[in-house]
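Visitor: Sequence:
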Amino acid sequence: MSIDGYITEAQRREAYERQAGICPKCGKHFEIGEMEADHITPWSKGGKTNAANCQLLCLEDNRRKGAI
Numbered sequence: 003m004s005i006d007g008y009i010t011e012a013q014r015r016e017a018y019e020r021q022a023g024i025c026p027k028c029g030k031h032f033e034i035g036e037m038e039a040d041h042i043t044p045w046s047k048g049g050k051t052n053a054a055n056c057q058l059l060c061l062e063d064n065r066r067k068g069a070i
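Numbering (our numbering), first residue to last: 3 to 70.
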């Protein structure tokens, strides 16, 4: 169970397996430790903290998204 927008390790693993290790932004493959969890619909905008709303982005793309 997740609390206050925190994506659990199980949700991270599920997203990683669903994506086959591919960052949906740049299309490159990464190991799970090289990726960061991200809410597809932001938690601050009502997005749920569940596996369906979780994606893993490479560090560069996640930082870029956070800066927007």
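Don't take each hint at face value.
[Said to hold, decoys possible] Cross-link-like lysine to aspartate or glutamate pairs, in silico, EDC-like; alpha carbons within 16 Å at most:
| id | residue 1 | residue 2 |
| --- | --- | --- |
| 1 | Lys47 | Glu16 |
| 2 | Lys67 | Glu33 |
| 3 | Lys30 | Glu19 |
| 4 | Lys30 | Asp63 |
| 5 | Lys67 | Glu19 |
| 6 | Lys27 | Glu11 |
| 7 | Lys27 | Glu62 |
Hint data in this document are derived by calculation from the structure and do not stem from the laboratory. In this text the structure is predicted, and so the values were computed from the model without any measurement.
Visitor: Could you work out which of the previously given hints the structure breaks and list their numbers from low to high?
Guide: 1, 2, 5, 6
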